[in-house]
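Number of protein chains: 2
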Amino acid sequence: MRNVAVIGVGMTKFGELWDYSLRQIFTMAAIEALEDAGCSNRDIEAFYVGNMSAGLFIGQEHLGALLADNAGLKNIPAMRVEGACASGGLALREAYLTIKAGEYDLVMVGGIEKMSDSPCTEDVTTTLGAAADQEWETFVGLTFPGAYALIAKAHMERYGTTKEQLAMVAVKNHKNGKNNPKAQFRREITIEQVLASGIVADPLSLLDCSPISDGGAAVILASEDMAKKFSDTPVWILGSGQASDTLALHDREDLTSLKATRLAAEKAYTAANMGPKDVNFAEVHDCFTIAEIVATEDLGFFHPGGGGKAVEEGLTEVDGKIPINPSGGLKAKGHPVGATGVAQVVSVVEQLRGEAHKRQVNRAETALTHNVGGSGATAVVHIFSR
Amino acid sequence: MRNVAVIGVGMTKFGELWDYSLRQIFTMAAIEALEDAGCSNRDIEAFYVGNMSAGLFIGQEHLGALLADNAGLKNIPAMRVEGACASGGLALREAYLTIKAGEYDLVMVGGIEKMSDSPCTEDVTTTLGAAADQEWETFVGLTFPGAYALIAKAHMERYGTTKEQLAMVAVKNHKNGKNNPKAQFRREITIEQVLASGIVADPLSLLDCSPISDGGAAVILASEDMAKKFSDTPVWILGSGQASDTLALHDREDLTSLKATRLAAEKAYTAANMGPKDVNFAEVHDCFTIAEIVATEDLGFFHPGGGGKAVEEGLTEVDGKIPINPSGGLKAKGHPVGATGVAQVVSVVEQLRGEAHKRQVNRAETALTHNVGGSGATAVVHIFSR
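Which chain is which? The protein sequence lines are A and B, in order.
Mind the numbering: the first sequence is residues 7 to 392 in my numbering, read in order.
Mind the numbering: the second sequence is residues 7 to 392 in my numbering, read in order.
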């Protein structure tokens, strides 16, 4: 099978981008990725874009063809893929597989969401609820913070994870975000501030939650031949894994772990012929602080129940044993839901190229991205090396 | 590269399915496809589902994981793909490419839409408008029938296509639908009735338009080894092609032809090493009567401007030179938008197996499906043989 590399990356600043429409935001990211790859819009053979809910947010479906056209990718195969907040990671995986299939040599992968300034939804929380089970959860009042609060409660009950440990995830990710010029939040916060912030869904406070964001990201994938033609610093995709689980939490075997993450990681590790110990750093899906702790356990970096203690001991800091979310993560970088999985790849590529400046991790040879949809019904994991 | 076959098909009756929810509708189609393939839910390795707008219709995104779970496809990679009304065809193409890539051997492809009984939209036309360009078309009042009316006007002006010829498409497809037990409309209509039906968007009358439908379809794709293991009547996918165009009509080079269809067909014909003359019959995207006429020209069955005359001469009847939409097409079979591209495959497989009963075409060795998103911004074409 053919090898596949990332040869170009681009992303907009994440945040409340009131001055730009969805198509404008994506086009900025796409142009940056094309310039970074040193290739022309006319070289791109196909386009995959991850987006969760432009239909509900701005009344626009059919983003594949729309954004391809706006980015100057005329007449090529273009499609949107969706798996709630994992949409970006799924788009990456589809592009990767179609290059492996020999169908294309050069593909653009996009991720986009415009969540503020939405004329079509009364509130963003309702739209995000469309990622949960409408009949069994959303309709009867469960919100997304509520779903993760249940996970947090179960984790605290079983393993003794503390609210302070959750807060430490937010503190670390804000510290990292301060050094990321494209992050939505670029200020440090304290444990006390997290604990004192208003309760959203007990035990999660406002500063345990990732923000509502606008943003776009794009990466260019290439077959081995094309990668060598266009790039001196290709970043290789060594493995890709995806899995699913029930949308509704009540159908899960366990609330303290996401089975879809464990299965997706197992596939990605097997494909890459690696284990968790071989990964130098990771961008994981910290939509809530508890989600990062659970992810670091499910990905095998720490034993079940060990994620809280690991944060407390500083193991996940930029200079720790296994840096987690050196970009600031969803918590501080921002979480335009469909864009997140692609933005994680942008962050990983910057690190593996040694271009992450103040947030650069010491050892950056192999990296992992972990993108989750809903409260864990979709998970997709990729492993990269320079 | 590995060969890929369709080994099982299933679909619900199309129509107003007031007694069933989206997930129930899809599960019925999935079970029928599994039974038809003779394989178990546990044999399926991945799931792709085409859906245009469950978010706007029923407030539910994240259909990949949701429907996989409901169909008993536990924990496997599951994702939704979207390209407006071409979503089903795109799902088929992704499954096909990932089997070619060697990633999977047995994949379920689904298509689903629940358009009636929608608690979330004021009217279906608004939601369907999300397939057009929100900023340049829908927002300023263009509806979908309006977009195709512009195409019809241009075609009539340039080629002399008549309202009677448009009506003949509807009459033929209703005649075919009468013989399809799963069609929404199973009654014949006359040219006079079509011409006398109320104008929706001049020159398109009510009976020139496909209906609003609920429905689901599912097919099982297999690698060559698995196809031979499970099936005595595999239907091979010989070629797949996809292309895109601008969403907004005003940016197109020409209104009388869909460039995306021409490009997608060219790719599919090249891959299959065939031309239009080698195709025995086709299921094409007749969301409006004019769309079938334009499609038969763009697919190369008739010369540009010859589609109207061809219908008039009976060339596209079930016993004609090149039967078009022997299933009844979108017009009579129904058009649950995300399901259509997969339902076309169900119809083609029934014909190629010789199991189409009263609607069986005489020569059924090779067939083509043509699925369009929006007013032509996405097109996907597949070629099949028994």
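Heads up, a few of these hints could be off.
You can't tell identical chains apart in this list, so a pair holds if it fits in one copy or across any two.
[As the list claims (entries may be wrong)] Pairs of lysine-lysine residues, derived as DSSO-like cross-links and limited to a Cα-Cα distance of at most 30 Å, are as follows:
#1 K273 - K80
#2 K364 - K181
#3 K169 - K273
#4 K283 - K80
Calculated from the structure, these hints are not laboratory results.
Here is what the structure says about each hint:
1. Taking the shortest alpha-carbon separations for K273 and K80, only the inter-copy value of 16 Å comes in at or below 30 Å, while the best intra-copy value is 35 Å.
2. In this assembly of identical chains, K364 and K181 lie within 30 Å of each other by CA distance solely inside one copy; the values are 11 Å within and 70 Å between copies.
3. In the homo-oligomer, the alpha carbons of K169 and K273 never lie at most 30 Å apart, since the shortest distance is 32 Å inside one protomer and 57 Å across protomers.
4. In this assembly of identical chains, K283 and K80 lie within 30 Å of each other by CA distance solely across copies; the values are 29 Å between and 43 Å within a copy.
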